[in-house]
Amino acid sequence: MESVQQYKVEREPQETLAMDPKKFILWLFLVSIIMLFASQTSAYLVRRAEGNWLEFEMPKIFWYSTAVLLVSSAAMQWAYFSAKKDLFKQLKIAISITFALGLVFLWMQFEGWKQLVAMNVYFVGNPSGSFFYVFTGLHGFHIISGLIVLLFSLTAAFNLRVHGKNLRRIQICATYWHFLDILWLYLFVFLLTFN
Amino acid sequence: MSAIEGLETAHHHDTEHEHHHEAQNFWQKYIFCEDHKVIAKQYLITGIMWAVIGISMSIVFRIQLGLPDSNLSWLKPVLGGWISDAGKLDPNFYLALVTMHGTIMVFFVLTAGLSGTFSNFLIPLQIGARDMASGFMNMLSYWFFFLASVIMFASLFLQTGPAAGGWVIYPPLSALPQAHPGSGMGMTLWLASMALFIVSQLLGGINYITTVINLRTRGMSFDRLPLTIWSFLITAVLGLISFPVLLSSVLLLIFDRHFGTSFYLSDIYINGEALPNVGGSPILFQHLFWFLGHPEVYIVLLPGLGITSEVIATNSRKPIFGYRAMIASMLGIAFLAFIVWAHHMFVTGMNPFLGSVFMFLTLIIAVPSAVKGFNYITTLWKGNIVFTPGMLFSIGLVSLFVSGGLTGIILGNSALDIQLHDTYFVVAHFHLVMGAASAFGLFAGVYHWFPKMFGRMMNTTLGQIHFWLTFIGIYLVFIPMHYVGIAGFPRRYYQFTSYDFTHKFMDMNMFISIAAILSFLAQFIFLWNFFYSIFKGRRAPQNPWRSNTLEWTAPVNPGHGNWVGEIPAVYRWSYDYSKPGAKEDFIPQNIPYSQTLESNFPHENELIANEKAIESQNYNDQFNAH
Numbered sequence: 001m002e003s004v005q006q007y008k009v010e011r012e013p014q015e016t017l018a019m020d021p022k023k024f025i026l027w028l029f030l031v032s033i034i035m036l037f038a039s040q041t042s043a044y045l046v047r048r049a050e051g052n053w054l055e056f057e058m059p060k061i062f063w064y065s066t067a068v069l070l071v072s073s074a075a076m077q078w079a080y081f082s083a084k085k086d087l088f089k090q091l092k093i094a095i096s097i098t099f100a101l102g103l104v105f106l107w108m109q110f111e112g113w114k115q116l117v118a119m120n121v122y123f124v125g126n127p128s129g130s131f132f133y134v135f136t137g138l139h140g141f142h143i144i145s146g147l148i149v150l151l152f153s154l155t156a157a158f159n160l161r162v163h164g165k166n167l168r169r170i171q172i173c174a175t176y177w178h179f180l181d182i183l184w185l186y187l188f189v190f191l192l193t194f195n
Numbered sequence: 001m002s003a004i005e006g007l008e009t010a011h012h013h014d015t016e017h018e019h020h021h022e023a024q025n026f027w028q029k030y031i032f033c034e035d036h037k038v039i040a041k042q043y044l045i046t047g048i049m050w051a052v053i054g055i056s057m058s059i060v061f062r063i064q065l066g067l068p069d070s071n072l073s074w075l076k077p078v079l080g081g082w083i084s085d086a087g088k089l090d091p092n093f094y095l096a097l098v099t100m101h102g103t104i105m106v107f108f109v110l111t112a113g114l115s116g117t118f119s120n121f122l123i124p125l126q127i128g129a130r131d132m133a134s135g136f137m138n139m140l141s142y143w144f145f146f147l148a149s150v151i152m153f154a155s156l157f158l159q160t161g162p163a164a165g166g167w168v169i170y171p172p173l174s175a176l177p178q179a180h181p182g183s184g185m186g187m188t189l190w191l192a193s194m195a196l197f198i199v200s201q202l203l204g205g206i207n208y209i210t211t212v213i214n215l216r217t218r219g220m221s222f223d224r225l226p227l228t229i230w231s232f233l234i235t236a237v238l239g240l241i242s243f244p245v246l247l248s249s250v251l252l253l254i255f256d257r258h259f260g261t262s263f264y265l266s267d268i269y270i271n272g273e274a275l276p277n278v279g280g281s282p283i284l285f286q287h288l289f290w291f292l293g294h295p296e297v298y299i300v301l302l303p304g305l306g307i308t309s310e311v312i313a314t315n316s317r318k319p320i321f322g323y324r325a326m327i328a329s330m331l332g333i334a335f336l337a338f339i340v341w342a343h344h345m346f347v348t349g350m351n352p353f354l355g356s357v358f359m360f361l362t363l364i365i366a367v368p369s370a371v372k373g374f375n376y377i378t379t380l381w382k383g384n385i386v387f388t389p390g391m392l393f394s395i396g397l398v399s400l401f402v403s404g405g406l407t408g409i410i411l412g413n414s415a416l417d418i419q420l421h422d423t424y425f426v427v428a429h430f431h432l433v434m435g436a437a438s439a440f441g442l443f444a445g446v447y448h449w450f451p452k453m454f455g456r457m458m459n460t461t462l463g464q465i466h467f468w469l470t471f472i473g474i475y476l477v478f479i480p481m482h483y484v485g486i487a488g489f490p491r492r493y494y495q496f497t498s499y500d501f502t503h504k505f506m507d508m509n510m511f512i513s514i515a516a517i518l519s520f521l522a523q524f525i526f527l528w529n530f531f532y533s534i535f536k537g538r539r540a541p542q543n544p545w546r547s548n549t550l551e552w553t554a555p556v557n558p559g560h561g562n563w564v565g566e567i568p569a570v571y572r573w574s575y576d577y578s579k580p581g582a583k584e585d586f587i588p589q590n591i592p593y594s595q596t597l598e599s600n601f602p603h604e605n606e607l608i609a610n611e612k613a614i615e616s617q618n619y620n621d622q623f624n625a626h
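Residue numbers (my numbering), protein chains in the order written: chain A, 1 to 195; chain B, 1 to 626.
Bound-form chain B, shown alone:
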């Protein structure tokens, strides 16, 4: 009885298997697609659209800050009632702009757009898998993100404006609708959108981890994984552990706002009237929020660092320096990320001793970060560097990572933080080390893997121009901003014209704003290059950067399942560049040692005996599923 049924189920699986190869209709192919490559592109395009919106917002408030006398009437067609008849930006809307810029850039662009794009695209292609562990969950992940995007976008058009309590949405400001026009419906939509976003990130992250651990091809042991995959794996683990905590804090905030509980609220008087809420603690929210918030910084940054490792090694034509140290430092950063959250809260009245503990832990992060910095530089040292746009952006990332990281050492001091907390010094610090560095990682990744994504090349010259304008622009914006911060300019202020101490820095603020506008304009070079090249770019060869990783052994336009026929087996790590004695200056991972006798080291010759064993290994090939 059971044997027959077993047969039946086996047959059932067979029909499912054939179903894979049936022609898909438009909806299955492009909309509710379960193929990781299409989902990656969906993430990328959505992320780019959000980036345009998010950066445009920053330009509007930079004009307000740097050129306070300018007439903004020309923005009336877009912003409508938020620009007064005299051409002035509405102060409430200024706060909303700052909030939405932060939310959009941190979550929608640099989390979903960066990790969503490259984890989805590269994990199956680089570990040698047909697709993600669960294509369905992956598809859901994108559509939850899309739904979150729609809700957040809709909140921009509310008459009372979107959320305006800062991207960290501290209560009581965010909990009380009376506090600010944006704390009403705008905040409600913000919370709904973020809850969906968290679901999306969890679905995606669980999939990434499962895929990396279970679907690697034959021979792809952990010590042969490209560093990109290591970084995506660690990023996903960070997200898996920290996003549920954000969900917790958001949930309690929703209860406070809509059901009248007092988790975060206590003893509040509005117009002399006491609110009924007693016994809550706003500091509790900060603890919960920053337990996500700090790992989130690394969720944003680590994929960029992984992409950089890969691009720098490929284009220096040298093995990555300190492969194991790179992995160890990423693990170290990930571990430390969970025990430093209170350095965002030094001025909340925290016990100074506790502050010292968190300061100490925070400063330790400098060690693994420095290991990474030095490893990048030593990889470049004496390499045959090829300055592709992807390479330029990767080197740029290292530069931003170092210069932004240095100010982190200053801010990590609990004593110095009393002066610098919530000033433009903080803004400059995290924009360099997290914002711009991760954005450079995103650019590097797009330039480097564009040929694999779309089968065409982007224009190199335009890419190089884009790099130099962006790189110089970023420094022109954020280096002066440190000075403004030391001078005491607080964040999130609508204007600085009414204080004596800020007068003499007005020209510096104007300089920052003009630099910001110029670097914003430079991004249109990228946008044009990107969209033009998708349709009209030069056709890409199979391995344009002469790289070692598995994705370049797949066809130029990989179909569903990535490889035609068998998935290649892996015999070596992914960094055999410029190996002495080798015919070419790169040896892809799928070339066995038995074919490269001229360049093998003695211990590698011994590994030849293992090749038969590797070929006969079991692995999860989703096309030959049990």
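Here chain A stands alone, though its shape is the one from the complex:
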């Protein structure tokens, strides 16, 4: 009996896939960002293999900024869970922390640049330094775009428009923010490994 049932289920026509188009668009957008950074890092490797490469130690502050971004990502997840359970107070706190830590991260990256300059590693000069600035700069640019997305969710959260029945906005925001976090981890480890 059971096997007959299963057979019948298999014969039913496939439903056309119907994800939420807005979320799907986000994932494709992430693919294009991945390709952007994949090409940058492979250009780095190709260029590095040719020699004449300035080696320098990454300033310590980038370790701390990495930690800050990780915490902000965790706060983002906390905000999402709170929104799911309609815990508005916690949602507001969590999303504000995420936003603030995002700003702190940007400031720390900028401080890191200053320390690089103090180490005589400039944007103009040996490509190894230039690449460092390009990676951090491009990522910082994306963090700014992430902060703008976050700002929309933030205002929505404070106007009580993010809740268990209206999660799309904060889901998109969370996915993007986690992605930027993972992207930075990749760049950080990459720059540590191939300095």
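Worth flagging that the hints you see were computed from the coordinates, not collected in a lab. Remember, predicted model here, so these are calculated numbers, not experimental data. In this text, a Cβ means the ideal position worked out from N, Cα and C, and glycines have one as well. Hints may contain errors.
[Unchecked claim] Quick list of in silico lysine to aspartate or glutamate cross-link-like pairs, DMTMM-like style, CA-CA up to 25 Å: (1) A:Lys22 <-> B:Glu34; (2) A:Lys22 <-> B:Asp621; (3) A:Lys22 <-> B:Glu566.
[Claimed, not checked] Stretch-level coverage of chain A by chain B, calculated; a stretch enters the list once three of its residues show a Cβ under 8 Å from a Cβ in chain B: (4) 39 to 51; (5) 68 to 81.
Since chain A is already given, all that's left is putting chain B on it; use the hints.
Frame of chain A; chain B shown alone:
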């Protein structure tokens, strides 16, 4: 609390929904329009304007090459100071013309004009969707393209001329303003324009992929998609993966030019003075550029191949031969497109072993390409062929694809490439297989879907005349060009009169130029036919080609949302032509098997049981959004 809010948001959506049907003002309807059909037409008209500019440029430099003694003073009203008092074309401007011709034709005409037009127009209509996944992004995509167009067009009027380093803009030529007048402001505008163009392509491509995957109507499974949609989907995926890489290379070039970094520059001496740039690698740029550049060839060609599949099947009144093989070969071509880029760089001092690897991968592309070629020919075999202009151009595409592809096998050899690199042999090869073939795809698409776009028919006789003149003209231009290339004529040279070895081929160059001018003139037949028919053409019936795909079930002039009432469901693939036993020689996709008992195969009779299930399926109808 939250329940009430949920209600409120639902209400909010309702008002938005009603907003769709309000009368739109002129700006919403024709300028910043979010309807995919209008955006498609915007792309098409912009593409046609660019094509006129791009091809006219080629005619100017063909005159210079083929008739070097001619007096070009008659062009002074257009080109002004670029024509000397003696009636000679400025050599620097010649280089700019070649560069701009390449850029315009590859990116603005055959990428934006072809893919932008037909992906936008056909994807929602053929998969049964009201519109694109995001009309707003789609609108942005066009206006980014428009902005890129304006900047590129403006660069034509610079006193120092537009970019002139070749459409591939290799550094150091493109990176150093001292290198050439066109490497100054012209190059800056080129880079700005291309950055915007990439943004436009990404916005468009992301939309195409999302729409195809998520907005198909009930029953439109992947194995029932028309091949046009498959080709647009694969094209968009190629663009999504490769355009960010071009953005990367352009970005680093901008840093080199404007901030003094040395990504691509090293050890350069100008007038005995060393430049401060050390440690860069110009070869790095070539790697990045061709990682886009090679997939770009297929971004240009695949939509043409998809359009051809559809037009050939319809007008042969036969199912497409090897539907699954067609999809598999497109996927194969798309995959291989990403791992062959270095065949453009055989002579950069690459390790010969690496060259052999890339040669091997390159030659494999012949396999899926041949599958496609054979499938087209076997679809035509014993068909009841209707020679509409769209059909003629599709058959023409197959011919060009085969004859241009053959020389690809020669060029793909890393040893032969040493002789043929950067000669007219290369020029002839890619003009046949990529330029002319894709342009034929564009023409086929315009002739075939003109009735759906404008509700009127184009003149068939003029279309056929246009085809024959263009088809013969193309071969008269590019077959002799192969010989000129084998004889050793390098690309991008201003004139060949000063070398002994080129003397005896001067008459051949003249022949090519005259053929080019004649085929250029033939395009005005198309232009007249196109614009006249928009306003005065014969009114189109709903399904003029007796075709199966969903767009022909929509009204002759589809309004916003494409279908009045429910979107039709789909029960069969789109190639049921001349089915034995059927009353008509075509059965549209929305006809259920229960209505065609006389022509069903046994396994199709079994599918009748599924029809109720298909009708009750969920799907994304943007007019009944949650």
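So, going through the hints one by one against the coordinates:
1. A:Lys22 <-> B:Glu34: Status holds; Cα separation ~16 Å.
2. A:Lys22 <-> B:Asp621: It holds: about 14 Å lies between the C-alpha atoms, which stays within 25 Å.
3. A:Lys22 <-> B:Glu566: Holds. Lys22 of chain A to Glu566 of chain B sits at ~23 Å (cutoff 25 Å).
4. 39 to 51: Holds: 6 residues of the segment 39 to 51 of chain A have a Cβ under 8 Å from chain B.
5. 68 to 81: violated (count 0)
Hint check: a violation occurs at hint 5 only; the rest are consistent with the structure.
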